[in-house]
Amino acid sequence: MTTDQATEGQLFDDWPDRYDTWFTTPIGKLVKAYEAELLIELLAPQPDELILDVGCGSGVFTALVGAVRPALVGLDLSLPMLRRAEAKAVGYRFAALVGTMTRLPFADQSFDRVYSMTALEFVADARSAIGEMNRVTRPGGTVVVTTLNSLSPWAVRRKEKAAAGHSLFANMTFRSPQEMSRLASSPGTVKTAIHFLKDTDPGQAAVLEEQGRLEQKNTGALVALCWQKQ
Amino acid sequence: MINKELLDILACPQCKGPVKLQADESGLVCEPCGLLYEIIDDIPVMLIDKAKRLGGHERPA
Numbered sequence: 001m002t003t004d005q006a007t008e009g010q011l012f013d014d015w016p017d018r019y020d021t022w023f024t025t026p027i028g029k030l031v032k033a034y035e036a037e038l039l040i041e042l043l044a045p046q047p048d049e050l051i052l053d054v055g056c057g058s059g060v061f062t063a064l065v066g067a068v069r070p071a072l073v074g075l076d077l078s079l080p081m082l083r084r085a086e087a088k089a090v091g092y093r094f095a096a097l098v099g100t101m102t103r104l105p106f107a108d109q110s111f112d113r114v115y116s117m118t119a120l121e122f123v124a125d126a127r128s129a130i131g132e133m134n135r136v137t138r139p140g141g142t143v144v145v146t147t148l149n150s151l152s153p154w155a156v157r158r159k160e161k162a163a164a165g166h167s168l169f170a171n172m173t174f175r176s177p178q179e180m181s182r183l184a185s186s187p188g189t190v191k192t193a194i195h196f197l198k199d200t201d202p203g204q205a206a207v208l209e210e211q212g213r214l215e216q217k218n219t220g221a222l223v224a225l226c227w228q229k230q
Numbered sequence: 001m002i003n004k005e006l007l008d009i010l011a012c013p014q015c016k017g018p019v020k021l022q023a024d025e026s027g028l029v030c031e032p033c034g035l036l037y038e039i040i041d042d043i044p045v046m047l048i049d050k051a052k053r054l055g056g057h058e059r060p061a
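Line order of the protein sequences matches chains A and B.
Okay, so the first sequence: first residue is 1 according to my numbering, each after it adds one.
Okay, so the second sequence: first residue is 1 according to my numbering, each after it adds one.
These are calculated hints, taken from the structure and not from any lab test.
The model shown is predicted, which means the values in this text are computed figures rather than measured ones.
Hints may be right or wrong, so weigh each one.
What the hints assert, rightly or not - Between beta-carbon pairs, the in silico distance windows are:
#, chain 1, residue 1, chain 2, residue 2, range
1, B, E5, A, A67, 17 to 27 Å
2, B, L54, A, E210, 53 to 63 Å
3, A, E160, B, I40, 49 to 59 Å
4, A, T24, B, N3, 24 to 34 Å
5, B, N3, A, A67, 13 to 23 Å
As the list claims (entries may be wrong) - Quick partial rundown of chain A residues pointing at chain B, CB under 8 Å, derived from the structure:
#, residue
6, L79
7, L82
8, S110
All residues carry an ideal CB built from backbone N, CA and C; glycine is no exception.
In isolation and in its complexed conformation, chain B is listed as follows (with noise of 0.2 Å):
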């Protein structure tokens, strides 16, 4: 479980805004970048270049 005093300050590594906790706790979101960063056995993988691209919001590369 993602505990809330990490959830506080963890931030989108790209914008350093914050990122949103799933509902089902399967991953972490940063709407405006629009890309899902998954937590693995309950570690949060939060690397770019390892993040889901959400819809509506792909870039080229």
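Chain A with its partners taken away, still in its complex shape (with noise of 0.2 Å):
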């Protein structure tokens, strides 16, 4: 692990309490609700399978995964991250582990799915991360990675705020579709997803989704690549 890494944990430690809150807001909610729905289409996970969520965090999507009953594990840098994911996961069949993308502490072909929520973003080496998340990935099974789309305006707001000393958006790495579709380790599928802002009504957002899938368009806040490992 290098340092600039020991320091993103901490980063996050901190960071628990208004990263769920986030996701109780009307706007919030709607993020998730679509995030969600993309990251189901995407992965198709299913019973009794053997799933990585790698960067779980506070386990938003970790708790959506494990309602279809596979058996979930989840890494993520901070321990008190953690610590809320296997309260959300209480009931299910959840193993929490402290790890860093770039470096994961699994054998090769452990896992049927592995997919990864808004973590890339915050490594530098993206290329190492999605190399090992397809490494413990069995041949035939799933890799998911979203991230942060450069090409729409959420990052504009974020590369903003991050100018203006947001200590979470200044250590972000914004890609767009094109930059994941040529990460992916075998050929894969691009979407993406939020088609609407974080001041859009929320009455007007649920059409502004819909009408941006439709047209399938590359701006959406959430990228999402997704390839079979062969």
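Hints given; two lone chains; assemble the complex.
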């Protein structure tokens, strides 16, 4: 682990409350719902499969995938975040581990499916992280990696916040759908979601989301890359 | 408690080789690397920089 990553772990240790609270706001709830929909569509988790959540954070999406009844492993740099994830996963088959995305602590071909929701933006060496996710997936298994889209208006705002001293956003690398596509270990699918803004009227957000989906816009705030391990 | 299913797939993040659970379940050891990964509140900390170096395996930084 590099010094940068150690700092990163401490950075997230201060965030569980603020991160979870955002997903309870009206627009945050919609963001979570649309992100979850895209994750489930691409990952297609099945009961009793062994699934890895890389950068599981406070377990927002861990709990969602867990509802399908797989055996889930959640990996994150932050111990306080993992304790949150454990609390959300009560009643599920869930194991938490502290680890870093660029050096996953698993044997080759361990998992049926591997996913990572908005964690790659905190990793400078995306190729290593994606290579590691591919390594620990069994042949024929699915990998889904989502991150923040550099082409989205959300990225512009976050870069402005970073410039103004926002500690979390200052550590982020935004990537475009094209960049994500080039990172795939095997030819993959790239989609974006969240075609509305943080200050969009929640009643209008569903309309904008549907429109963005139909037009297959590449400017959604979330970019998702999915491939099958060969 | 660390379950067997997890133990079967856990590997040293440095060499990717298997790790052994200590008898008191306080940590996971990678013998070839000479590293001990602590388990805190049932959560293994699988970070090379946080691992303890075991005797006889000291390496220059």
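Now the hints, each set against the structure:
1. E5/B <-> A67/A: 17 to 27 Å: 19 Å, holds
2. L54/B <-> E210/A: 53 to 63 Å: 58 Å, holds
3. E160/A <-> I40/B: 49 to 59 Å: About 38 Å separates the Cβ atoms of E160/A and I40/B, which means 49 to 59 Å is violated.
4. T24/A <-> N3/B: 24 to 34 Å: 32 Å, holds
5. N3/B <-> A67/A: 13 to 23 Å: Distance hint for N3/B, A67/A holds at roughly 20 Å.
6. L79: 6 Å, holds
7. L82: 6 Å, holds
8. S110: Check passed: Cβ of S110/A comes within 4 Å of chain B, closer than 8 Å.
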